[in-house]
Amino acid sequence: MNFDSRDRLWICLSGSAILAITLWIYWGYFRPEWKDYQSDFRDVGQAFRP
Amino acid sequence: MEAMKRTWQQLTWTWKPQGERESGDSIVRNLLLHWFPAKVNKESLSFRYSLWLGTISAVLFLILSVTGVILMFLYVPSVERAYPSVKDLEFVVSFGGFIRSLHRIAAHLMVAVVFLHAARVFLTGAYKNGTAANQNRPINWVVGVVLLLLTLLLSFTGYLLPWDQLAYWAITVGTNISRAAPLAGDRIRFLFLGGHEIGQSTLLRFYVLHCFFLPVLVAFLFAWHMWRVRKDGGFACMDQLRLKQKAERIAPIKAKTYSLLGITRGRTVHVETSLVNEDLHTVDSSPNLTRRILLVTLATFAASALLAVLVEAPLEEAANPRVTPNPAKAPWYFLWLQELVSDTTIRVGSFTLNGALVGGVLLSGVLVLLLALWPFFDKSSAYAVGAWFTKERRRQNWVFLIVALFIVILTLIGTFMRGPYWNFYWPWEAMPEVPRRF
Chain W
1 MNFDSRDRLW
11 ICLSGSAILA
21 ITLWIYWGYF
31 RPEWKDYQSD
41 FRDVGQAFRP
Chain Z
51 MEAMKRTWQQ
61 LTWTWKPQGE
71 RESGDSIVRN
81 LLLHWFPAKV
91 NKESLSFRYS
101 LWLGTISAVL
111 FLILSVTGVI
121 LMFLYVPSVE
131 RAYPSVKDLE
141 FVVSFGGFIR
151 SLHRIAAHLM
161 VAVVFLHAAR
171 VFLTGAYKNG
181 TAANQNRPIN
191 WVVGVVLLLL
201 TLLLSFTGYL
211 LPWDQLAYWA
221 ITVGTNISRA
231 APLAGDRIRF
241 LFLGGHEIGQ
251 STLLRFYVLH
261 CFFLPVLVAF
271 LFAWHMWRVR
281 KDGGFACMDQ
291 LRLKQKAERI
301 APIKAKTYSL
311 LGITRGRTVH
321 VETSLVNEDL
331 HTVDSSPNLT
341 RRILLVTLAT
351 FAASALLAVL
361 VEAPLEEAAN
371 PRVTPNPAKA
381 PWYFLWLQEL
391 VSDTTIRVGS
401 FTLNGALVGG
411 VLLSGVLVLL
421 LALWPFFDKS
431 SAYAVGAWFT
441 KERRRQNWVF
451 LIVALFIVIL
461 TLIGTFMRGP
471 YWNFYWPWEA
481 MPEVPRRF
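Residue numbers (my numbering), protein chains in the order written: chain W, 1 to 50; chain Z, 51 to 488.
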């Protein structure tokens, strides 16, 4: 592979990485902030269930 | 319509030139690209020589400028409102946390990359003049060292702006070191802070320095730096190639001359920089150089954005001069200085050796001065220009690497092994919890 096609490949990879990161940021933005510790609440609820 | 078309052509360039003429035109006639040569040496394009660290620094500066301008729309440089505005940015503004995080990561990366770029130039002897006429690479090295110091200062002035505990005390430690400078120490600190303590005038001074003066100065010196690279005949690896050709006694191809040049005095860099068999060693800048710049730009942005998502910018509680964190640490790139200050503070009975003066000002001052003036002491031959770890410069390179390693080790100790009261703890030792001092 000459350096011309290698550069094109890396440009495609970098562009795809930027696209993936953008989607990741959007997903994080629209995902409720409490999702990360929701399961903790469930555990606490079960532990103290009368 | 024709004028608009011409303007569009001047702002853009072709990625698929039909010939050498079109390729050259797209560089020379373009607003953004005209400072590049129409043809570029293959070695200059390679990653193994320059590692493209200079371009990466420039891309990081661009990211910092764009994200910085966005942050300026939302940030308020007042002691009462700075912290709430950053908190709003972090938690209320859409994607504000990401923009802030990207700005912070790019700033940290720029400090590291500019230092690595300086290390690359040193280790390849690229600050030395080659054989061509009118070269002045030592001056460009000095400009580069000033750019490194300005990068540190840019990052340092930005550190205070969130106005949280981390910012307040890091700047307190940093500016206290400057107090030890002989004769003018207190005055320097006063000038920096706009008073005897960090307050509203400090925040405003740091804001103006960070958002206007320092970026403008960096942009100007960057332009000068690049202009000098062109005037010095491009990358120093070209000199190495030319010298090799001379050593192999390859006779230069007779170039075309013009009668007007016959009556001018002296020689231009280009007379000396002509290579034997240029076609073998050079390629058209458009699209080879432009494509690689695009690649480096995209890769740098992708890496910075990924780090910005993974590592969120910290925001501690609002700055409080009455609550001192234990230990209070300077920003990471000044931690080697703080470590040096503590290591050179020696108390024997009533005698105290002032570490801030010895380690913080004198030692670091001598190091920076030596770094800036090194090209004028380096007496190695032109054969040591533009190549990694040449035999002739082996000792210099070792000294540089040992000093750099020493700085890295001190930074690591300061970051991970200093606990309360600046006591030393091994990484496997637990640091004690100390109640806050009010």
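Hint data in this document are derived by calculation from the structure and do not stem from the laboratory.
C-beta: ideal position from N, C-alpha, C; glycine also.
Warning: the hint list may mix true and false statements.
[What the hints assert, rightly or not] Counterexamples of contact, computed for chain W against chain Z with all Cβ distances above 12 angstroms:
1) A17
2) K35
3) Y37
4) F41
5) R42
6) Q46
7) F48
[Said to hold, decoys possible] Only some residues are given here: those of chain Z computed to face chain W with a beta carbon under 7 angstroms:
8) G146
9) R255
10) Y257
11) L339
12) L345
13) A349
14) A355
15) L356
Results for each hint:
1. A17: 4 angstroms, violated
2. K35: 16 angstroms, holds
3. Y37: With a cut-off of 12 angstroms, Y37 of chain W remains clear of chain Z, as the shortest Cβ separation is near 16 angstroms.
4. F41: 21 angstroms, holds
5. R42: 25 angstroms, holds
6. Q46: At roughly 30 angstroms from the nearest Cβ of chain Z, Q46 of chain W sits farther out than 12 angstroms, so the non-interface label holds.
7. F48: Answer for F48 of chain W: holds, closest chain Z Cβ roughly 29 angstroms.
8. G146: 11 angstroms, violated
9. R255: 34 angstroms, violated
10. Y257: 28 angstroms, violated
11. L339: Where the cut-off is 7 angstroms and the nearest Cβ of chain W is about 11 angstroms from L339 of chain Z, the hint is violated.
12. L345: Holds, about 5 angstroms.
13. A349: With Cβ-Cβ at 5 angstroms, under 7 angstroms, it holds.
14. A355: Holds: closest Cβ of chain W sits about 5 angstroms from A355 of chain Z, inside 7 angstroms.
15. L356: At about 6 angstroms, which falls below the 7 angstroms cut-off, the nearest Cβ of chain W leaves the hint on L356 of chain Z intact, so it holds.
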